[in-house]
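Spelled out from the first residue to the last, the chains are:
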Amino acid sequence: MTGAQTRLLAPNRLHLHHGPIDCIVEAEGDDLEIIAAFAAASDQFETILNGLVSELPILRSPLSGKSAPQVLGKTAQRMVRACWPLRAQFITPMAAVAGAVADTLLWHIIAAAPNLKRVWVNDGGDIAFHLSTATSVTFGLVDDPQRPTLFGNATIHAIDAPRGIATSGWRGRSHSLGIADAVTVLAASAAQADAAATLIANAVNCTHPQIERIAACALQPDSDLGARLVTVNVPHLDASEIDAALAAGVAFATELYTCGAVFGVVLQLQGATCIVPAHHPCLKIAAPAVHGLAQPTLKKT
Amino acid sequence: MSDDTIRCDACPVLCRIRPGKSGACDRYANDNGTLVRLDPLVVLQHAEKIVSFLPNGGSTWSGNLFENSLKSDESAPQVSNVFVTGIGATTTYPDYKPAPFIVASKIDGIDAITVVTEGIFSYCGLKIKIDTDRYLGPEQAAVRVKGEQIGHVTTAEYGSQMLSLGGVHHLTGGSKKEGAITCDAMLTLANKGAVELQIDGGASVIVQAGKAPIVDGQAERVMRVGCGSATIGIFAPQWQGHVDEVIVVDDHITGVLTEHQAGKFLALTEAGIRVRGRRSTPGRYFQVAAPGAGWGGTTISNPLSIIDSIDPALAWSGMRLLFVSTTGEHAAYFELDADLKPEPKPMPAALDRINHRIAENCEPACCTVLFMGGAGGSLRAGVTQNPILLTRSVKDLFTRVTCGGAPAYVWPGGGITVMVDVLAMPDNSFGYVPTPALVAPIEFTMRAADYAAMGGHVANVRTVEDVLSHRAVRRLDA
Chain A
16 MTGAQTRLLA
26 PNRLHLHHGP
36 IDCIVEAEGD
46 DLEIIAAFAA
56 ASDQFETILN
66 GLVSELPILR
76 SPLSGKSAPQ
86 VLGKTAQRMV
96 RACWPLRAQF
106 ITPMAAVAGA
116 VADTLLWHII
126 AAAPNLKRVW
136 VNDGGDIAFH
146 LSTATSVTFG
156 LVDDPQRPTL
166 FGNATIHAID
176 APRGIATSGW
186 RGRSHSLGIA
196 DAVTVLAASA
206 AQADAAATLI
216 ANAVNCTHPQ
226 IERIAACALQ
236 PDSDLGARLV
246 TVNVPHLDAS
256 EIDAALAAGV
266 AFATELYTCG
276 AVFGVVLQLQ
286 GATCIVPAHH
296 PCLKIAAPAV
306 HGLAQPTLKK
316 T
Chain B
32 MSDDTIRCDA
42 CPVLCRIRPG
52 KSGACDRYAN
62 DNGTLVRLDP
72 LVVLQHAEKI
82 VSFLPNGGST
92 WSGNLFENSL
102 KSDESAPQVS
112 NVFVTGIGAT
122 TTYPDYKPAP
132 FIVASKIDGI
142 DAITVVTEGI
152 FSYCGLKIKI
162 DTDRYLGPEQ
172 AAVRVKGEQI
182 GHVTTAEYGS
192 QMLSLGGVHH
202 LTGGSKKEGA
212 ITCDAMLTLA
222 NKGAVELQID
232 GGASVIVQAG
242 KAPIVDGQAE
252 RVMRVGCGSA
262 TIGIFAPQWQ
272 GHVDEVIVVD
282 DHITGVLTEH
292 QAGKFLALTE
302 AGIRVRGRRS
312 TPGRYFQVAA
322 PGAGWGGTTI
332 SNPLSIIDSI
342 DPALAWSGMR
352 LLFVSTTGEH
362 AAYFELDADL
372 KPEPKPMPAA
382 LDRINHRIAE
392 NCEPACCTVL
402 FMGGAGGSLR
412 AGVTQNPILL
422 TRSVKDLFTR
432 VTCGGAPAYV
442 WPGGGITVMV
452 DVLAMPDNSF
462 GYVPTPALVA
472 PIEFTMRAAD
482 YAAMGGHVAN
492 VRTVEDVLSH
502 RAVRRLDA
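First to last, the protein sequences are chains A and B.
Under the numbering used here, the first residue of the first sequence carries the number 16, and numbering increases by one thereafter.
Under the numbering used here, the first residue of the second sequence carries the number 32, and numbering increases by one thereafter.
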């Protein structure tokens, strides 16, 4: 069995790999702080996967009912905390695993090196970041991981609320119940962004006979999605189908935005893009929505 | 789990993977029932020049490893295999005086130069590997001789305890007495003698290169084949069908076959025997036994004493139970009677054979002494006027470094930090100076042209014949 692997890619870039987890940590600041930060990240990283595996049966179980399951690990707790408010839909804590790992690593990095200028922990596209006063960070947005091209970017300043960004879609590594190419979410933490992106991507959906779906457990016997049908291929959709699918996702994203669960969402399906809220200061999209879908106007609450 | 699904054990997630699919990591996949890695391993990233094993289509190998490079010169066949070592070469002071022996010999038409000296190593130490699982002392604990600290316990290796002895801090950094005792102990060990070492908070151990360690008066005989868990990992399929449960008694990790991943993989029926100690992972138990003189180096003399309980819901009458130590020296066989009590029975022949196989896989316990020192300092001046050129030449593999003719491992990075097995060197190769510091033979071998190019002391070069005829020379038949 292979243990956790840690590799310095550059003086300020660290690669952490263990089983299904691949994280890139990038830090800016004083050299000694960076060394302390990477030492803390490496130390913590060794324990993360084993910790998660020890509580896997709970983490793979759907959330429902009146009380959240008790888990011991800090990363597991972040997963449960991020997913629990979303349990009106089908969700298991695994929906936030990548983001929660990034959050845990970031927390330990900042505890060890509080004066770093900027840090981000990128766990397979789900990113937790730290910004010191007056700094900002820009992330590129990609819809198809097989052919990565930027269709927009997200710039977050230190005074903005988001500290996590995550993307979900049927083309990604984890399975999706929906057909969105990519749903990118800005939230207070990477775990919250990860969980919300998973559910919003599930909501982008339509009934088209040629969309290929297969039981998740047929692909991965241990999948937390069980026998639920996950998307494995989406045919070319016409404009009205794209609009309908996006509208379903936008409606759910708006619900999450109005209750404060997320700070901003970009939905992408076959070249069409929607943003929630429609004019978000952090989100710049190269091509605005190509179809006639009306952007929702938010009610003042 | 259906037959064609496999369980990946590349990481703790232990994904089940269906044929044609990959696990959660996307790195490992099931290719028709075989676990395969999807991203290719890079195997030959950096290769040295590759040369033919037999030159010019020759059909037989003479057995000489260096046939290609050390082909004898027809004019001087009698000296072609002579290699002058630094032993007894003496040294020079100050360092810039040419090394005592700068020897030229014709090798394959190339004038090879061996610069032979005995280096004074102020920075040097011994790395000691002691094949034992006995507890010698905590990591970082002081290692003492006659009460003076001469080194410390360092990171343990698989089946072996490691000590780091000597070094500049003990030789010259402490009291005069500490330096003298450190130097004396190192000299004895490096010259293949025995030294008794006391470890703070641990054992007393007698160490001698190539000999079994003696820990607290008890000579270690063999290394165990592995911990209890590893023993199960090795022998599980061989036991299958001959026995229903195997408990491998070990002072570190005691293994229980049917509970262990190796047993699960063979679909063995859980036997319901719970052993004492703290369960680490399924089938692996810590703190079952303490180190001692009983079974496999534990305190256990009656193996049944480690059974905590037998679950009547799982165990059955007639169940066959084997206890064995990690050295295979101790084994006992039982069958459960109608009341599920273990009854001693004669060892079945099939199991006896496996017990012997465990024993024959245990290697003799041995102490290894590696000398490690830095030759990147002033002794280089005895070789060349521009020392950095010697360092570079060593790094670029133009110059070969040996100690008493034994191959030395040269550490990557700066300096010429070498490591050599003292057993590969001739007896009594080492000496000392009152600094205190160890004196070790070291030879640099290179082409004559390269030697001249690095600013070598060309005027002091002597031929092998000259060296052989002029001084008391000790011949070593390798």
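In short, the hints are calculated from the structure, not lab data.
Certain hints may be false.
[Claimed, not checked] Listed below are the simulated DSBU-like cross-link pairs for lysine-lysine, each with C-alpha atoms no more than 35 Å apart in a straight line:
id : chain 1 : residue 1 : chain 2 : residue 2
1  : B       : K52       : A       : K89
2  : B       : K295      : A       : K89
3  : A       : K132      : A       : K89
4  : B       : K426      : B       : K372
5  : B       : K160      : B       : K242
6  : B       : K158      : B       : K207
Owing to the predicted nature of the structure, the values given are computational and were not obtained by experimental measurement.
Against the structure, the hints come out as follows:
1. K52(B) / K89(A): holds, 31 Å
2. K295(B) / K89(A): Holds. K295(B) to K89(A) sits at ~31 Å (cutoff 35 Å).
3. K132(A) / K89(A): holds, 25 Å
4. K426(B) / K372(B): Outside the cut-off at roughly 67 Å; violated.
5. K160(B) / K242(B): holds, 11 Å
6. K158(B) / K207(B): Given that 35 Å is the threshold and the Cα spacing comes to 23 Å, the pair holds.
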